[in-house]
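For reference, the chains in residue letters:
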Amino acid sequence: MLARLLLAFGLLLTACAPAAGAPQPPRDEAPRLVVLVWNGSTATFGHLDVAGRFSPRVTIDDPAGMGIRAALAPDRQHLAATVARPGRPAGREAGLLLIDLARGEIRRLLDDVDLRGRPVWSADGNEIAVRRVHAAEHGTVDEIVAVTVTGDVRPLARGDGALGMYAAGWPAEGLHILRIAAEGSRLGVVDSPDVVLSAGAVRDVSVSPDGRWIAFSDYSYGPALGLLGPGGLTRTPLAGPFVHPAWRPDGTLLVAGAPGRAESALAAAPVPVVSVPSSPGTVSLPVTAGRAGWLAARTVRLGAAGAVVDEWIDLIGPDGRRQPVRLPGVVEPLGWAGE
Amino acid sequence: MRRLLFMLAAAAMVASFALPAPVEEAFAEDCAGTNARAYQPTYADARAAFIRASAGLLGASYPRLPLLLTGYPESTLVTGSVPCLLPQAIGWIESGWRQAASGTARGSVGPVLTGRGGCGVGVMQTSTGMRFAGELPRPVQLAIASDYVYNIAYGVQILGQKWNATPTIGNADPTIAEHWYYAVWAYNAWGWRNNPNNPDFPWPRPTYTGSQPVANYPYQELVFGLAANPPKVNGEPLWQAVPLSLPDAGAIGISPDSIPEPLVVHRTYCVVPDPYIPAVAERTGLDWR
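Same order as they appear, the protein sequences are chains R and E.
Residues in the first sequence are numbered consecutively from 1, following the numbering used here.
Residues in the second sequence are numbered consecutively from 1001, following the numbering used here.
Hint data in this document are derived by calculation from the structure and do not stem from the laboratory.
By construction, the Cβ of each residue, glycine as well, lies at the ideal position given by its N, Cα and C atoms.
Heads up, some of the hints might be wrong.
[To be verified] Among chain E residues calculated to face chain R with C-beta under 10 Å, some are:
no. : residue
1   : L1057
2   : S1108
3   : V1109
4   : G1191
5   : W1192
6   : F1201
7   : R1205
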C-alpha cells in the first residue's frame, strides 16, 4: 500500500514538473502579451499567455463604438488610453485614462484629447504625449501636450500649417514629432530642426531600443523601409506589400515578409533587418517583440486586388512556431510583460 | 529694461502671428433648430425618402440636387442623380436613420436628434447652415430640423455640391458609385483628417463591416464599407449590398487630385419603389464601355 502511495506521489510530481529539455520560467515571469480586446461597446485589457489563453484584467465602456487607442508604459503595468466622450467636437472628443493593470484601477488624467492620436509614453514613464485639435479661423491646429501621471499638463508643440502632427516616440533625448505637410513628412525632436523623411506620408514610426535609429514605413513610391540614424537617411524597397517595422529588444529590426520572395535588399540596410515569414496568401506584420524571443504579429489574409479579407494575431515563438489567436472582437497587441 | 520689454513684446507678437489663432467652437446651445420636434421615420419611410431624394423625385418644395459636373477632362453640367445606397449608408452612419432623439420610437414624434459634437441635426446630421439661428432662413432651418424628408433632401443636395467641388475619379460619371469617393469624403470633412494615408488609421485595414472601431477608418471608408455590409433589421438588409471598390490610396497621396477609377466599379440605379430589384452592374476597366 505504502509503495503504491509513493508511486502515485512520484507520478504526481512528475506530472507537475516542467518537461525535460524545455526549462520554463517561474509562472509570474512567463512571457505574457498585454492586449486590448475591443468588442463594439467595451474594451478589455488583459494578458494573453503564449498558449493563447486570455486573462482579462480591466474593462472600460466605449458606448460610442469609436474604438480606443492605448499604449503600454515602460513599467509594463500601466496603460494610457484615449476613450471617446460622446458629444464632443472632432479632435477633442476623448478623455485620457491611466490604467493600472495589476490593481485594476482607472484614473482620468485629461479631457479634450484627440481620440485618434495614440498616446506615447516618455522613456522614464513619467509623462504621456497626446494630441489635441483646436478649431482655427481656417481649419484646425494640432497641438501635442505632455501629461504627467498626476495630471499636470504642459504644451510641447503646436501645428504650423502642417496637415497633421503625431507623437512618434519618446526616448531619453526627447519627444519625436512627425509632421506631415503638402511637401511631405518631417521628423524632429521638440525644439530641434526637422529632418525630411519622404515626399509622401510615412507611417509606423518607431524608435530603436537604444534610441539611435528611427524606422518607418514609406509607401510613396512602393513599399519601402525607411531608416534614419547616425549615417543619415536610407530607403530600402521591399518585395512584399507591407513594411510595418518593429524593433526586437536586441536592436534587430523586424519587417513584414513577402511570401515566396527573398528580401535580399535587406542585407544592405544599415541595421540588422529580418522579415517575418509568411505563408502563401497571408502577410504577418510584426507588432511587438519580447526579450524572451516571442513576437506578436498581426497576420492578414489578402483577397483579390490585395484587399484584407481576414486577420488574426499570431504569437511566434523563439523557435518560429506559431500560436494563432482569435478572440471575439478586435485584438490589438500592446507589448510584452512578465519576462 | 525698455529694450528688454520691447524684445519680449516683439517676441510675443511674432508668436501670435506665427500660430494660427484658435477660435471658439460651436456649442450646442448656439446651434439652430435644437428645440424642434420631429417625426421619427420608420425604416420604410426613411428608405423611400432616400430613394426619392437621390433620384430627384421630390417636389419643388424640397432641396434639389444641383446640376452635376460630368466627364473628365472635359466636363459638362447635367441633371443627374446620386447612387441611392450612398445617402442611405451616410444616413445610417450619421444617425441610424433617426430624425428624432434615439429614445423616440419609430412612427412617433419626439425632440430632434441633435449634433454629436457639432450642430448637425436629424438623419443626415447636416451642420451646414445650422451653426446659428439665421444662418439660413428660419423656415428652412426649421424644416431641416423637423422634417426627415427635407433633412435627407438637404443632405443629398450637399453631397451633390461636394461632387462638384472635389477632384474627379475616373471619367466623373455620377451613376458609378465609386466615382463619389471624394464627395463622400468631403460630406464629412474635406481634409487630411479623412485622407486614407493618414497614419492615425491602421494599415493595412480590412473593409469596414460595422463591427470594427469607427476611429480606425476615414469617413468615406465607413460609408463604402457599409454599402457592402448593410445593417439588418429583422434579418433583412436595409439596402442591396454592393461591394464598392476603394481607389488606390497611393494615387491619392497627400494632396488629393483627379485619379483613375478602381479596377472594378459599380454602376448603380435608384429603383422606385422597390429598392430590392437588382440595381447594380459591375464592370471592370475593359469590358464595359
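* Asked: Which of the listed hints are broken here?
  -> Hint check: 1, 2, 3 fail, others pass.
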